[in-house]
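Protein sequence lines correspond, in order, to chains A, B and C. Numbering of the first sequence is given in the working numbering, commencing with residue 1 and proceeding in unit increments. Numbering of the second sequence is given in the working numbering, commencing with residue 297 and proceeding in unit increments. Numbering of the third sequence is given in the working numbering, commencing with residue 602 and proceeding in unit increments.
Everything labelled a hint here was simulated from the structure, so no lab data went into it. Note that the Cβ used here is the ideal one computed from N, Cα and C, for glycine as well. One thing to keep in mind: the hints can contain errors.
Covered, in the sense of this in silico footprint (three residues per stretch, anywhere, with C-beta under 8 Å from a C-beta of chain B), are these stretches of chain A [as the list claims (entries may be wrong)]:
#1 226-238
#2 263-276
Negatives, chain C to chain B, calculated, CB over 10 Å [stated by the list, open to error]:
#3 G621
#4 E716
#5 S784
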Amino acid sequence: MADTNSQFNSRWLPIALALPQLLLIFLFFYVPIYMAFFWSLSLERPFGGGAEFVGLQNYARVLNDAEFWKATWRTVVFMLIGSSLAVILPLILAVAADRRVRLAYPARNVLVWPKAVAGASIGVVFLFIFNPFIGILAPLNEVYPGLWQPGLDGTDAFIMLIIAHVWGGIPFNFVILLAGLQAVPQSFHHSAAMDGASAWRRVRDIQIPMVLPQLFLVFVLEFTESVTAAFGLIDAMTQGGPGGATTLLVYKIYVDGFKGYDLSGAATQSVILMVFVLSLAAVQFFILERKIRYER
Amino acid sequence: MIENTKSLDRTANVILAVGVLYILFPLVITLVTATQSFESFLQNGFSFIPGTYLLENIQIVWETTQLPRQLLNSIIVATMVALIKCGIAFTTAFAIVYFRIRYGGILFGMVLVTNLMPLDLRFITTYQVAANIMMPVNALLDFFGITYIVQTLTGYRMNFQVSVLNTYFGLAAPLLANGTGTFLFRQYFRTLPADLSKAARMDGAGPMRFLWDILIPLSRANFAALFVLMFLGGWTSYLWPLVAASTPEMQTAVVGLARLSPGDPGQIPHYPAIMTGALMVSVIPLAMIALMQRHIVRGLTLTEK
Amino acid sequence: MQPASIAAEIALDAVEKSFGNTPVIPPLSATLGAGEFTVVLGPSGCGKSTLLNMIAGLEPVSAGRIRIDGQEVQDWEPKDRGCAMVFQNYALYPHMTVAENIGYALKVAGIARAERQQRVEGAARVVQLGDLLDRRPGQLSGGQRQRVAIARAIVREPRVLLFDEPLSNLDAKLRHGMRMELSHLHRRIGATSVFVTHDQVEAMTLADKVLILNEGRIEQFGTPHEIYHFPASLFVAGFIGAPAMNLIEVEGDGTALRLPDGTALAGSAHRGRAVLGIRPEKLRIAEDGLPATIVYREDLGSHAVLVVRLGSGQEINVSTPLGGDTVAADQLSLHLPEAHVHLFDPASGQRLNVTQGQVR
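Given these sequences and hints, build the entire structure.
Encoded structure:
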């Protein structure tokens, strides 16, 4: 049967109502994506002057570029470590905040604050905090010179990025997971307690399984997010350095496109990144989601 | 329940304390450093004791950097994003839910798909579109041979050029090209009793009257949630404003902050001033979070269902 | 409010409705008399709400004509048809006060504030809502919300009042009270009323005429008395009455109706297979009747309902006055008065006999 909402009759009014949003989406979503595919198959001159169809040449060039593979590898590492931390930490915090303890209420408030702070802004702050000469780890460097050098050591820079990334990822994941936990009916807790499960045990046996749908959701979103959100942090903290150690794919696309004027190469890498993100979402949806749907 | 959960509760408190410290630490550092004078900062370095130089530091940032102008840009862009989004998302959801549109399902699907592909993945070509938003029109005219016909007839080669780079509209528009709010409102409308619109029709209200008298007042909380969320999104976005505005005068505050170098270019940056800048950039959205906590939590849980 | 003069006749002429390729209502014709209270009764999914929505103009008809007061209205907007509706979940506007809810239609129609206020107060008086006008729906009880919904419907002085299962969300006691009030209200304002429900008690108590709908088709359209005493089909016979009419498959040999084992149940000239129907309260306990074993007994205070098993194994319901001879017994014998026996065609479900001797 049709939608139960009684529907108004008008041919042009709904179109007029939806038009602004559709126009914006067409112009700034579908056209750019179409163009990215188009450009990845042609050679673009940086300052206009026509394009030449070159087939898969751009892809061959990009895929043979060692720098591309390094950036891809860094993206995957960042995605796996960064997202895992940015989901697991909020999960632990949400389980804690779901209990009626003294800190639960203030924590629920404070943990949302990073939502207001741009990645680049907190990047500037963390860069200062982790400054090897005047920052919080400076005393460490006085004892063991050269131990902490985010400006020279790629691993140190990477760690710094991840700490800042997790900081910014807490609010959303925390809110979603906490909402999921709070939706678990009290009767489940009661019946599990009647079955003899301790409070600790219930966290594992009741709460975590019941928020698996939310956990799945935040993982999907966090994966996509981590691929792109790192840009602000990288640009504010490391500019891809030292020695390219923090050049993730999204930053490389930016540098290639806007600093190197290699539009075809940047478009090709964009397409690859898009396909990567889409297939990631697809895999997660079709394989994982099926296993964790509960009927309530 | 009568149950001894002391060990779990104590652990919960410890975990929450660590979490809160993790969040607060950089914010406190920012605040404290912003109150230091450059001289005392150079002497003592990292400090946890607040100083008294906050106003002086603000003055330095205010007078020697573009940040004030950029803060204004941020306010304009974020407000534009939030207001326009509230408007167009609402009307689009209204059209989808309350009208029988042909291909309505496909349309909604096309709006929904946008959430899978963030702007930061397609900024290279979005930039090209923003550099000339008439490009699709030109392509269409080309494709249908109209350009050729007009050129043969009049000798004039049609090639429209409208760039929105370095404009507020150009900074805001691509941030609006997604289905976020549409989805939120659609979900909300579907929770309303179906008889509500029937009752309105029986009372003689047409679609626009129903929208204005009934749907908008009922959606107030959703508007607030979406507004806050989109405002924060607009304020904190980085990659797009970075490429869409090429002059410091048009850049947003977050982009400006990452390039902030107040005072004399010396060996050690003027960190107290930079932290003051970070404070100035974050104070409006932070105040918003503090005041509208409820709406943000509601918005976050609603947008991603 | 002026009674009767504004009431209008509703004529449905081969009205049809289908969603896509699924027919919901095959061509349906009926005339609902001016000022009459018609109850459309049927199980859920029978198309009764769809029918109501088509009269209201909330659903377009797929084919056919609807005339209100002689005017063809099937292509008109709801507001132009002179109908008002009371919804199942009341559908009050949650952000408006009671007065604003009642007066919204008048406001949309552009009626001046002073007149609006007067008419809102008038309507509120009719349903006894006077002192609640400044409240919001959220602060009202179910019964009060119901009154607001009714006041909102009558404030426009409609020619036709439509009710979409308006009592189904109230508890049993309130429902009884509201039935009474609706009945009084109808007599007072006199608008043609169409009331959709699946509750036979509402149908029997409120209706001038009952229209019984099954899978979009009219099974019977008559007074409550006709519906109860002369069910036109097996469906109506089984749907109306609690406990339900006993339906027994029998074979007629020209003199009597017999069970498969040959036991004669009642005299009849019918020949061939048939379904015999008899209401539990019409069965008599007699000295020399049909022997039956009591399987189960429910004492309901005012009367008792017995489940008894006939010799053939068939179980039927018997409704008896309490006390009597059945209290201790586990055997009894039954008599089926011929005047109360209904016969139906087992294939078509249509009624076969014209029962004589029943008081109209």
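These are the hints, each one checked on the structure:
Requiring three or more residues with a Cβ within less than 8 Å of a Cβ of chain B, the coverage given for the region 226-238 of chain A holds, as 7 such residues are present. Look at the region 263-276 of chain A against chain B: 6 of its residues bring a Cβ nearer than 8 Å to a Cβ of that chain, three or more, so the hint holds. Every CB of chain B lies more than 10 Å from the CB of C/G621, the least distance being 12 Å, so the non-interface label holds. The claim that C/E716 is not at the interface with chain B holds, since no C-beta of that chain comes within 10 Å of its own (minimum 16 Å).
For C/S784, the non-interface assignment is confirmed: its Cβ lies about 23 Å from the closest Cβ of chain B, beyond the 10 Å cut-off.
Violated hints: none; the structure is consistent with every hint.
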